[in-house]
Amino acid sequence: MHLKLRVWRQAGPTATGAFESYDMPEVSAEMSFLELIDELNEKLIEANKEPVAFDHDCREGICGSCSMMINGQAHGPSRGTATCQLFLRKFVDGSEITVEPWRAGAFPVIRDLSTDRTALDHIIESGGFISAPTGSAPDANLILVPKEVADAAMDAAACIGCGACVAACPNSAAQLFTAAKVAHLNLLPQGQPERWNRVQNMVDTMESYFGSCTNHGECEKACPKEISIDFIALLNKDYLKAQWKNRKLESQRG
Amino acid sequence: MPELTTEDDRAGADDASRLAREVGPPVPPSPRDKPFLVRFYGSAVGKKSVMALTGIMLLGFVLVHMIGNLKIYLGASHLNEYGEWLRMIGEPALPRTVFLWLLRIGLIGAFAFHIHSAYSLTRMNQRARPVKYQSHREYVAANFASRTMRWTGIIVGLFIIFHLADLTWGFANPDFVRGSVYANAIHSFSRVPVAIIYIVANIALGIHIFHGSWSMFQSLGLNNPRFNIWRRYFAVGFAALITVGNVSMPLMVVTGVVK
Amino acid sequence: MSPRSNISARFDTAPDPLDGRVPPGPIDSKWTDHKFDMRLVNPANKRKFEIIVVGSGLAGASAAASLGELGYKVTLLTFHDSPRRAHSIAAQGGINAAKNYKNDGDSVHRLFYDTVKGGDYRSREANVHRLAEVSVDIIDQCAAQGVPFAREYGGLLDNRSFGGAQVSRTFYARGQTGQQLLLGAYSALMRQVHLGSVKLYRRTEMLELVLHDGRATGVVARDLVTGEIRSFSGHAVVLATGGYGNVFYLSTNAKASNASATWRAHRKGALFANPCFTQIHPTCIPASDEFQSKLTLMSESLRNDGRVWVPKELDDTRTADLVPESERDYFLERRYPAFGNLVPRDVASRAIKREVDAGRGVGPIKNGVYLDFAESIERLGPKAVEERYSNLFEMYERITDENPQNTPMRIYPAVHYTMGGLWVDYDLMSNLPGLFVLGEANFSDHGANRLGASALMQGLADGYFVLPYTIGNYLAPLLGAAPVSTDDTVFAEAESTVRDEIKRYLSTNGTHSVDWFHRELGKIVWDNCGMARSTETLEKALTEIPPLREQFHNDVKVLGDNESMNQSLEKAGRVSDFLEFGELMCLDALHREESCGGHFRVEHQTEDGEALRDDENFAYAGAWEFNGVGAPPTLHKEPLEFENVHLAQRSYK
Ligand SMILES: Cc1cc2nc3c(=O)[nH]c(=O)nc-3n(C[C@H](O)[C@H](O)[C@H](O)COP(=O)(O)OP(=O)(O)OC[C@H]3O[C@@H](n4cnc5c(N)ncnc54)[C@H](O)[C@@H]3O)c2cc1C
Ligand code: HEM
Ligand code: HEM
Ligand code: SF4
Ligand code: F3S
Ligand code: FES
Chain Z
1 MHLKLRVWRQ
11 AGPTATGAFE
21 SYDMPEVSAE
31 MSFLELIDEL
41 NEKLIEANKE
51 PVAFDHDCRE
61 GICGSCSMMI
71 NGQAHGPSRG
81 TATCQLFLRK
91 FVDGSEITVE
101 PWRAGAFPVI
111 RDLSTDRTAL
121 DHIIESGGFI
131 SAPTGSAPDA
141 NLILVPKEVA
151 DAAMDAAACI
161 GCGACVAACP
171 NSAAQLFTAA
181 KVAHLNLLPQ
191 GQPERWNRVQ
201 NMVDTMESYF
211 GSCTNHGECE
221 KACPKEISID
231 FIALLNKDYL
241 KAQWKNRKLE
251 SQRG
Chain P
1001 MPELTTEDDR
1011 AGADDASRLA
1021 REVGPPVPPS
1031 PRDKPFLVRF
1041 YGSAVGKKSV
1051 MALTGIMLLG
1061 FVLVHMIGNL
1071 KIYLGASHLN
1081 EYGEWLRMIG
1091 EPALPRTVFL
1101 WLLRIGLIGA
1111 FAFHIHSAYS
1121 LTRMNQRARP
1131 VKYQSHREYV
1141 AANFASRTMR
1151 WTGIIVGLFI
1161 IFHLADLTWG
1171 FANPDFVRGS
1181 VYANAIHSFS
1191 RVPVAIIYIV
1201 ANIALGIHIF
1211 HGSWSMFQSL
1221 GLNNPRFNIW
1231 RRYFAVGFAA
1241 LITVGNVSMP
1251 LMVVTGVVK
Chain U
2001 MSPRSNISAR
2011 FDTAPDPLDG
2021 RVPPGPIDSK
2031 WTDHKFDMRL
2041 VNPANKRKFE
2051 IIVVGSGLAG
2061 ASAAASLGEL
2071 GYKVTLLTFH
2081 DSPRRAHSIA
2091 AQGGINAAKN
2101 YKNDGDSVHR
2111 LFYDTVKGGD
2121 YRSREANVHR
2131 LAEVSVDIID
2141 QCAAQGVPFA
2151 REYGGLLDNR
2161 SFGGAQVSRT
2171 FYARGQTGQQ
2181 LLLGAYSALM
2191 RQVHLGSVKL
2201 YRRTEMLELV
2211 LHDGRATGVV
2221 ARDLVTGEIR
2231 SFSGHAVVLA
2241 TGGYGNVFYL
2251 STNAKASNAS
2261 ATWRAHRKGA
2271 LFANPCFTQI
2281 HPTCIPASDE
2291 FQSKLTLMSE
2301 SLRNDGRVWV
2311 PKELDDTRTA
2321 DLVPESERDY
2331 FLERRYPAFG
2341 NLVPRDVASR
2351 AIKREVDAGR
2361 GVGPIKNGVY
2371 LDFAESIERL
2381 GPKAVEERYS
2391 NLFEMYERIT
2401 DENPQNTPMR
2411 IYPAVHYTMG
2421 GLWVDYDLMS
2431 NLPGLFVLGE
2441 ANFSDHGANR
2451 LGASALMQGL
2461 ADGYFVLPYT
2471 IGNYLAPLLG
2481 AAPVSTDDTV
2491 FAEAESTVRD
2501 EIKRYLSTNG
2511 THSVDWFHRE
2521 LGKIVWDNCG
2531 MARSTETLEK
2541 ALTEIPPLRE
2551 QFHNDVKVLG
2561 DNESMNQSLE
2571 KAGRVSDFLE
2581 FGELMCLDAL
2591 HREESCGGHF
2601 RVEHQTEDGE
2611 ALRDDENFAY
2621 AGAWEFNGVG
2631 APPTLHKEPL
2641 EFENVHLAQR
2651 SYK
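For the record, the sequence lines run as chains Z, P and U. All residue numbers for the first sequence refer to the working numbering, where the first residue is 1 and numbers rise by one. All residue numbers for the second sequence refer to the working numbering, where the first residue is 1001 and numbers rise by one. All residue numbers for the third sequence refer to the working numbering, where the first residue is 2001 and numbers rise by one.
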């Protein structure tokens, strides 16, 4: 098939960027989108132009590295699909595809399509864990977890940390990512002791980088793991409850 | 060196990276020193809960207000009686209009918080994406209502000021007579520009409610997969009810059906 | 000329055997006794030690977190933008542990036995036993961290069986076990980062190991965003940098996985053991064309419920549903009645290759065999099958546009895992004092073949439960010594080596891209050192690789500069190392005149085509010493003794 690409090129974090157009006259519909960029890069190198920088690694939709706005949608037009799992058969022959990096204040562009998503790690740092130092665990079967709970936790834990939710959200909110991480741990029995502090700290950290959620629901549609915005409701509820619970815990200390 | 977001020596780093760098790693534990309600309102999730709670109050008011106003179809005496009744609630335990004033204060407070949090969240969200997308966005879920909340909100806000000037204080209404609620309304709505203002504002309100009365469930964490679909039905129903009810009055008057 | 005499000029053999420093005593108390015998660092002194960990996969993240918890000052480097992206995230199937929760006769001893046997008797017994012992602790640890393992309705942990095992001992979290385990280790790690005990450097690639007085004392790394070259100094260096499967260009490994960290340590004197032990995974989606950048694995767990078959007729062009039951050959079940579809990977891979080579392949370019779920769907119902494999089915459908619920999947083997790696002793320390190697980067535990669900186990065993003890044994005598200053000449020299290399790539200004060279190398090694190897093919590879390497250094084209993100430059270093490493891998394969595990020499097979080991001459781990690019390396042999699992020809019939 024949495709035209309009790709955002930006030499560095402080450089001004612009779109550049490239013609890809002969590509196969069986190609993945990243293979299309690979092919473009081979052509660029041949023509002594610097290749397009972009993040990718597993190419199986699990590492969360790949990150592109394709025709105005995070990860492109296929639902529940990361960029690396998007195949060209989803596009119309002869069409023009515009590719842009994630845009959010907390995701500064490093180069071309590559952005710095460290802020998501900082949210985890502030509470996205269960404090269980190595060696201190009881036998695994001592902690019973109802199947439904394990399944729900797994639904949330499936998040790959790609940041598409932020990219897609009109407010650059990281609510879906944070909600998924919080729900994963807050649903499980192991996560209960730190539940209220966790949600408080993670939400506070999230808000120091990202926008606020006004329930557009765009994130859910962009999410390659189709994490449900129901988890956002859960996050909000836990945050509300945490105000009381933490106060109570603190007052117990006198 | 590798923390792009912590590097301060990156001369002329654009705004995009500055937002992140202001809050550099490692993340300090949240201080718990302020009174908790202040702290709570300080957070965006907290503000959203406040928006939802004040939103519910406003929804309640708008609904009751509409039901009361619909008496316009029953004729002048009904509507006037209703206006009078409003001022009498609580009597004789409370002096006349005290209860009404309590309601008004509550309403003013709700508006104030609703507007303040709307404003500060909007600012926060603008800061969160200093560099906009340079190509056309293709929205999938975000709808017209959700993306125009701040505009529909502003329209409703401006409308309320006009509306008070028109039907409560009267200085926007040349035929205003204090106490004759029915006549005031009929006079007002008979003027085409005023009727249009009312109609437009109430459609805006309907749009605002369409998203708001669904969104508030999410904000408050009222979520249960079994009932979630009803949240949508509720929002559609409520928005439709308010819009139809409120738009009908100026429409009927300006078209001369109700005189 | 016999093949053996032909290759003797290619390497030297060290006279003394290599000592794995395995502690004495009966196998099941070695580790316990050793833990007691090792020196300890007292808690207050731990913070005086600085440890550099390279790699944030299961092995690196779990090690860094555990060391941080103990109180060591840890520096963690990863070239990823977040530790959570490490290749470990992609593991699907599960993790083994000898919990015997299923009451089906599992035990530490059985897991040990299965692993030694599965590794075709080319692993060190004592290490494997320790692995089996700590496997139970891993599950406890991960469950406590909140890894959402699959559960029974009663709330207890669920297990399934996995290739090569007759008991159900595999724990799993849907089809994303690696992801969930890594997220567990990553969250523990981030907790330490938050507490300040681990300092994390993202997008930072280690490019040189630094030795001082023969001890590993630091690394030189490049910031992939700014190009800054920087030294890190510590009392010990831990490499957990994963495997080298990408030497084949097409593999199931993540695109960025590479051998540079281990190879550069090798160039500094660390022995590289058994590089020819590479594993081919039987259940990958067949390549569809030339432009393919990467192969996708379908978890082996699919073989639990799927049946492998090909049409009996040669060149059968009918679609699967038109081939009647009587004309299908369920060749794994037929040839290996006891294990059927669950035979170990190498056995399954070769059996599949044999069918495809014979012309019974299926699919548009006849390069696969069927993996059919029809029977399971009938037995368990479509819902149960869907529940077990939904995400794998989705992934398959996304790539191929076919739904495995209706049409059988097509599979073909692909390079997947590398058993070889830097040589380490029982304490996971390489022959260079102070250099520890964990996870897939080392050679231990899996011998010539890794059983399914054992890599995750090994990575976490090394990181959570082995290194935290053994590193103390090394560090204790160093108390009071400050780490070598990064101003020392050893660091300056290493930095300038790195700078020169970068300058060289940027100024070569040739005609072919880095990827082009990688693809060429991949073709050479896949064709000649892939699933089946012979003297002839290996000799061919050994004559083709050096000229390609030469060409690379004269003709590679790397545009851009060092001072900003430059992905071609990153790749150039990695491919350069692969071009050196590939040669050693082929040499190792050539010298090992036997077939064992993943290493199949066509000259050495039984009458019915099974691998034929030569225990008399090759029951050793072959660890290579670097003597210069292109110069013959020196082979050190660590003899392997089997006192507890008796040497026997592997049979899965
Ligand atoms: C598709 C697939 C499925 C699998 N499924 C299973 C399974 O079901 N069960 C099982 O047990 N095993 C499975 N495996 C194998 C298993 O995933 C790996 O062997 C294991 O995860 C390796 O972990 P690791 O920590 O050793 O290395 P990796 O996870 O590869 O981590 C390497 C780390 O080192 C870093 N690094 C490397 N070089 C450098 C450098 N020069 N400088 C800085 N950082 C560097 C990387 O950034 C990365 O963080 C699977 C493998 C694949 C490919
Ligand atoms: C001055 C006028 C107003 C302004 C500026 C305003 C603005 C906003 C904004 C910006 C939001 C956030 C959008 C979102 O969360 O999705 C919002 C939400 C909401 N508004 Fe208003 N609004 C106004 C008046 C009203 C009125 C009169 C009502 C009631 C009839 C109302 C009901 C709601 C509700 C229910 C929500 C949803 C709250 C939530 O999601 O938690 N608003 N408003
Ligand atoms: C077409 C629809 C409407 C009609 C016919 C109407 C009519 C009136 C009338 C007649 C009054 C004066 C009552 C009195 O003085 O006793 C009034 C007051 C008021 N109206 Fe409306 N109104 C309408 C819509 C709205 C809407 C949409 C809002 C807000 C979102 C609103 C907010 C108010 C407020 C705040 C007052 C003052 C109440 C008080 O101080 O007691 N009205 N309205
Ligand atoms: S919630 Fe979805 S979109 Fe957001 S980071 Fe996780 S996987 Fe990506
Ligand atoms: S799109 Fe944004 S507004 Fe909320 S529901 Fe999703 S985070
Ligand atoms: S490259 Fe890993 S998710 Fe796309």
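Don't read these hints as lab results, they were simulated from the structure. Just so you know, even glycine gets a beta-carbon here, dropped at the ideal spot from N, CA and C. Among the hints, a few may not be true.
[Stated by the list, open to error] Short, incomplete list of chain Z residues facing chain P, as computed with Cβ under 10 Å:
#1 Tyr22
#2 Val99
#3 Ala173
#4 Cys213
#5 Lys221
#6 Asp238
#7 Trp244
[To be verified] Here are the computed lysine-lysine pairs in the PhoX-like style, where the Cα-Cα straight-line distance is at most 20 Å:
#8 Lys2255/U <-> Lys2312/U
#9 Lys2312/U <-> Lys2268/U
#10 Lys2255/U <-> Lys2073/U
#11 Lys2073/U <-> Lys2046/U
#12 Lys2503/U <-> Lys49/Z
#13 Lys49/Z <-> Lys2048/U
#14 Lys1034/P <-> Lys245/Z
#15 Lys2523/U <-> Lys2255/U
#16 Lys1259/P <-> Lys241/Z
#17 Lys2046/U <-> Lys147/Z
#18 Lys2102/U <-> Lys147/Z
#19 Lys2035/U <-> Lys2046/U
#20 Lys2353/U <-> Lys2523/U
#21 Lys2557/U <-> Lys43/Z
#22 Lys248/Z <-> Lys1034/P
#23 Lys2523/U <-> Lys2503/U
#24 Lys2557/U <-> Lys2503/U
#25 Lys2048/U <-> Lys2199/U
#26 Lys1259/P <-> Lys1071/P
#27 Lys2073/U <-> Lys2048/U
#28 Lys248/Z <-> Lys237/Z
#29 Lys221/Z <-> Lys90/Z
#30 Lys4/Z <-> Lys43/Z
#31 Lys4/Z <-> Lys90/Z
- List of violated hint numbers, smallest to largest: Going through the list in order, the structure violates hints 1, 8, 9, 10, 13, 16, 17, 23 and respects the others.
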